[in-house]
Structure formats: C-alpha cells, structure tokens
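Participant: Those sequence lines, one after another, are chains A and B.
Reminder that position 259 of the first sequence reads as 259 in the numbering used here, one-by-one numbering, no gaps.
Reminder that position 81 of the second sequence reads as 1081 in the numbering used here, one-by-one numbering, no gaps.
Among these hints, one or two may not hold up.
[As the list claims (entries may be wrong)] Pair by pair, the computed Cβ-Cβ distance ranges are:
1. B:Arg1244 with A:Thr125: 23 to 29 Å
2. B:Ser1254 with A:Glu303: 32 to 38 Å
3. A:Ala18 with B:Lys1257: 27 to 33 Å
4. A:Ser72 with B:Ser1254: 39 to 45 Å
5. A:Thr142 with B:Arg1244: 54 to 60 Å
6. A:Ile151 with B:Pro1241: 23 to 29 Å
[Stated by the list, open to error] Over 12 Å on every C-beta distance to chain A, these chain B residues come out as not near it, computed from the model:
7. Gln1027
8. Asp1049
9. Glu1099
10. Gln1112
11. Ser1168
12. Gly1170
13. Gly1213
14. Thr1269
15. Thr1287
If you're looking for bench data, these hints aren't it; they were derived computationally from the structure.
For every residue, glycine included, the Cβ atom is placed at its ideal position computed from N, Cα and C.
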Amino acid sequence: MNIHEYQAKELLQKFGVATPRGKAASTPEEAEQAARELGTNDLVVKAQIHAGGRGKGTFTNGFKGGVRLCKSPEETREVASKMLGQTLVTHQTGPAGRVVNKVLIAESAEIAREIYFAILLDRATAAPIVVASTEGGVEIETVAAKSPEKILREKIDPLAGFQAHQTRKLAKQLGFESSQLKAAAKLFDGLYRTFMACDCSMVEVNPLIVTPKGEVLALDAKFNFDDNALYRHPDLAALRDIAEEDPREVEASKHGLNYIGLDGNIACLVNGAGLAMATMDIIKFYGGSPANFLDVGGGATEEQVTEAFKILISDAKVKAILVNIFGGIMKCDVIAQGIINAVKTVNLPVPLVVRLEGTNVEAGKKLIAESGLPVITAGDLADAAQKVVAAAGGAK
Amino acid sequence: MSVLVDKNTRLLVQGITGSVGGFHARQCMEYGTNVVAGVTPGKGGQMFDGKVPVFDTVWEARQETGCNVSVIFVPAAGAADGILEAVDAGVELVICITEGIPVMDMMRVKAQMAGKQSRLIGPNCPGIITPGACKIGIMPGYIHKEGNVGVISRSGTLTYEAVWQLTSRGYGQSTCIGIGGDPINGMSHLDAVKLFHGDSGTDAMILIGEIGGSAEEEAAEWIKENCKKPVAAFIAGATAPPGRRMGHAGAIVSGGKGTAAGKIAALKTAGIAVAETPATMAETLITRMKGKS
Chain A
1 MNIHEYQAKE
11 LLQKFGVATP
21 RGKAASTPEE
31 AEQAARELGT
41 NDLVVKAQIH
51 AGGRGKGTFT
61 NGFKGGVRLC
71 KSPEETREVA
81 SKMLGQTLVT
91 HQTGPAGRVV
101 NKVLIAESAE
111 IAREIYFAIL
121 LDRATAAPIV
131 VASTEGGVEI
141 ETVAAKSPEK
151 ILREKIDPLA
161 GFQAHQTRKL
171 AKQLGFESSQ
181 LKAAAKLFDG
191 LYRTFMACDC
201 SMVEVNPLIV
211 TPKGEVLALD
221 AKFNFDDNAL
231 YRHPDLAALR
241 DIAEEDPREV
251 EASKHGLNYI
261 GLDGNIACLV
271 NGAGLAMATM
281 DIIKFYGGSP
291 ANFLDVGGGA
301 TEEQVTEAFK
311 ILISDAKVKA
321 ILVNIFGGIM
331 KCDVIAQGII
341 NAVKTVNLPV
351 PLVVRLEGTN
361 VEAGKKLIAE
371 SGLPVITAGD
381 LADAAQKVVA
391 AAGGAK
Chain B
1001 MSVLVDKNTR
1011 LLVQGITGSV
1021 GGFHARQCME
1031 YGTNVVAGVT
1041 PGKGGQMFDG
1051 KVPVFDTVWE
1061 ARQETGCNVS
1071 VIFVPAAGAA
1081 DGILEAVDAG
1091 VELVICITEG
1101 IPVMDMMRVK
1111 AQMAGKQSRL
1121 IGPNCPGIIT
1131 PGACKIGIMP
1141 GYIHKEGNVG
1151 VISRSGTLTY
1161 EAVWQLTSRG
1171 YGQSTCIGIG
1181 GDPINGMSHL
1191 DAVKLFHGDS
1201 GTDAMILIGE
1211 IGGSAEEEAA
1221 EWIKENCKKP
1231 VAAFIAGATA
1241 PPGRRMGHAG
1251 AIVSGGKGTA
1261 AGKIAALKTA
1271 GIAVAETPAT
1281 MAETLITRMK
1291 GKS
C-alpha cells in the first residue's frame, strides 16, 4: 500500500521527524487559507498523487509542473486552482495521468545540502538496513550505477534495534557538522521508529535536506507498508486512497482475490501465485500477451470464482480467457461450478479455454461438458497456452 | 531414501482443532503420516478424531509424545509465536504452512532461531512430502510417486505441476520440499540442495524459483562448485512488471534486482538445465539425466 506525501509527513511528525511545515488542501480557498496560516511568503504547492516525477509533469489542461513555488497566499490559490481536479501526467503515471484531488501547501525550505536516506528490510540478512548517500535529490539507482562508493550501508540488529552510536556514525559519514549531529541523529532515529512501528518494508527520504541555517528536515518521504501487517494498523489502512488504484484491483481485493491488471488481451484465472506467474510466462512464450495476473488462492469458493470471472470479462481489451487450475486444496469441481455460474449471469463475450488438473478433476470436467457451454478444453499447460493464444487472434 | 521426513517421523499439528488444521491433519493421516499429537491452547485434554491427543502447549506435546516434527496451521497473527514455541520445545523440524505472516514477525523469528538446532520450512508453503512414507502439508498426495528426484520450490501449485509432469512420465520423487514464497523464510533453496546432494536416494533435482531476492543465484553458485547430480530449473515471473508484488510477498522485482533474466543466466552459468516454459520442467530434467548417464 502507498500513501500520499502529506500523509507521510503527518506520520513522520508523530515520530518526531522534522519536516517543513505544511497542510493539505482540497480547494483553492483552503490552499490560500493554509498559506496564510504558515505566515510566510516562501511557499510551495505540491500536487498529491501516488507517482513520482511530479515537478517535471504536465497537466492535461496545459499547466506545467505538479510542484510550483509561490510568493504569496493569493498566488498559492491561483496555482492550486490550476491543479485541483486536473489530470497530471508524469513519466510514472503513463499517458492517462492521475487526477489531483489534493494539494500540499508547505513552506519552501532553502536547501544547502541534499542527502538520500532510506531504511528497508534486507532479505539477504533478514534485518533492517540503512542505505544512505551524500548524493541526495536524484534517483538512488543512478548513484548506485555511477558512483557506488558513495552509497553507505548500515545493518541494524533486528532484536537490539538501531543504536545511538550508529546514528552518530552515519551522521558523520554523511558529512554533518558537529553542531548538526544531534538533529541528524534524532531524525534518523525517528525514521527507524516509524519504520518499525508501522510495519514498513521501506521508508525513503529523498531528499533529506540541510538548510543554510543548519536545520535538518525530511523534504519528501515515500513509504512501503507490509500488506500482511495492515490488520494491526487500522489507522494506516484508513490512509488508503482507492482513487489512486486500478478499479479492477480494488474490486478484486473486495472479494479476497489477488489481481494485478496488465496491458495484454488474454485474461487468466489461476490458483496459486507461482502457477499464475508461470501461466503468464507461457502465454508470452507462445506469442500472446497476458491481460492480468490473477491468483484465486488455495481455498476459493464458487462465489469468489464467479466474481473473478466477472472482473475478467469486464476488461474490454480481453479477447480470450484461460482458466488454469491445478487442484490441491482447491477442488476442480468447485472451480467448474464457479465458471458455469459466472457464464450464466454474464454472457461470455470471448472464447474460454479451460485446463483442469488435480483434485476432483473428473467431476470438474464432467460439469463443464454437461453444462453445454462453448468451452475449449485443454490437456496440459502447453496445450492450454497454445489454444488460448490462437483463440485471441494468434501470436503477435 | 529421502530427506528430513520418512516413516519414522512423529508429527505434531499446531492448530489441529481449527477447520484448516483439522482437515489437513486428516489428509496427512490418511496418507499414512504418523500424527502423534496436536496443540491448541485451551483445548488440552481433548482427543482429535478419537485418535490424536490434544495439548495446550508444544512443551507438553513434546514431553508426552516425543514428537520430532511440527506442522503449523495457526492463523497469521499467531503463527510466528507458534514457530518459536516449537523451537523452544526443541522440535527438530518446524513446517509453517500459514500465509500472510507480517515480515517483521519473520525477521524476529529468524533472529531468534540463530544458533538453534531446529530447522524451519516456510512459511507460506505447501509443506514437505516423501512419497509413500510421509506427507506433511497441503499438497494432494496422489500426484506423487516414490522415486529418486528431489523437488525444491517456492510455489505450491507450480510444485504440483512439476511433480505431476514427473509422475506422468514414470519418474518418482525422493522428497518434495516447498520452501515458501515469503521474503524472509526458513530453509533456502541452497539448504535444500545441500540435503539432496548428500542423500543417496536422490539422483537428480528440480529447482523451481521465482522473481525476487537472490536465493536461486546462491544455490546455483554452490551447485556449480559442488554438485554433480543433474539439476533442472524453472523461474516463474519472466513477464511480471517490475515493482509489483506478484501474489507472494517475496515475488517482486525492485531496484533492478531479482529479475527472472538474472536468475536464469546464473542457473545456466552453473550448468543447470533451465526449462523454457513451465510445461517442460520434467522433460528438461529427463533430457539432462539421459545425457549424463
């Protein structure tokens, strides 16, 4: 799950991480009011969408830049009116762009130095690790490629936690002056406490800035939360903005289905994440293009299968559907009944290829054969993939 | 021959009175697995299906029945504690089927297990089976056949696919280990490869991986230096878009790391036969076995 920048900053403030003062606004009037409350004329208006590259983005109304400096509350109102309700296109949003429903009004901080600072869970060591660099404000992948020696890594003991001496060492390695040491160490510690308390898989501050006066501030923050842990963070789960998500994925998650939309034209319904990925791979191998990843899980009910089918059919790009089930816990007859129910409620607009194997396979095949539905049956995985690619109009 | 589990395994089922735990405990018993105890806190003293004694704690179950392997069907919120409870009681092998455990919980489990004798398989895995002797987990028993191919996999249904391909072609399995699809787990591909390498009953291996992490690369490196047994592999997720979690918490390509292309290259460099599609996992291994003999 992702959250907006303004939400990230509010979260960080709770853990004592210093950020530039600011407030979110939904209307130009609120934007002006927020600017007045800040009591400064050095202001910035930032479009709130879940995608990077906002500063260099363009609105579909022609307005340039999703991050704009302003010199007065009146100008803030003017700029906010050009952003709110408009669609912002950046290199990360794709050509469709994202609608801006909120802007962040903040004091614009002067920057003397930019630093990169992230904490993430490292799989290899099964521990949190700090990744930091004096080269802030740019993509860390670019730094890693051009000057890997400028990337610092500090492992954190998962049981003992981030030690104070580690925060001081990192501050010195990142070039903080003695007078800034305490502020930097406090900020690092606050980030670590946020990371742990919120079950994050990553917290990334880029840039972390030092102002000419020597203040240390998190200027932007990006969070990745562990979806498996959201059950114990209802306050975080409430920050989810479904307007930022693919509506098909939102619908699927309501029914406990694991769905990811893709750009192809062959829909797939599979049980198990590994087999679902492998099914996408084999469709591609035979020259087709998958429209989605869909894992109905190990214990799906007839209703879930029916709902899954409706989501697949609702995608106008889809030219053919492949059902690939290897029943373990999942019984093939349950899947078959779910398909039959779905096709009865929604007319099947495209060819359907079904490959069933595993538990209760004979009962499942019998149900489909007796249903009279125009189903193309397949013997094995390769056969199924070839048939569905042909049904979708052949290899590209 | 086999690895980790066989006819002598004395199995404990944690969460045996739950609907999922109970269902699979029965399936395992029907296959012939020796289930000696169950644990559900607060239900100590009951008998499961009139045959298996239920205890409140793993500590008691271990003392009373000498169970040496545990399988966990406890819901995600309590599963990490369940693993550590089994480790604390000295159970030698702990298999955690539960999916959806917060990764921070697994991080603490891994740190606390350091230096302990117990091994962990999973979480978020189908379990382990030695065909004809012992089934522990949720895999359908009948697709397996006794034999000499070791199967290691991060994915459940993709394991069934590989096993079924082998069985349909007359090739049985020594043991099949599902190591699970989470970013932090117990036994790695490499740990399992080492076990099969040292097992006289295993003549060849299928290694099934997926995008994310670097466990497959580590196994490949070791195989290159140490293992002469024929190995075939498949990596799922070549067509997955970067930055998206493909079902499994661990199946994600981020920062350019953990790509299918990188893993396939590492496997091929190690002399492992990589199946082009998931439909040819068994065929790829069989071709390699014939080529070497």
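Participant: Any hints this thing doesn't respect? Which numbers, in order?
Facilitator: Numbers 5, 7, 9, 10, 11, 13 - these are the hints that the structure violates, sorted from lowest upward.
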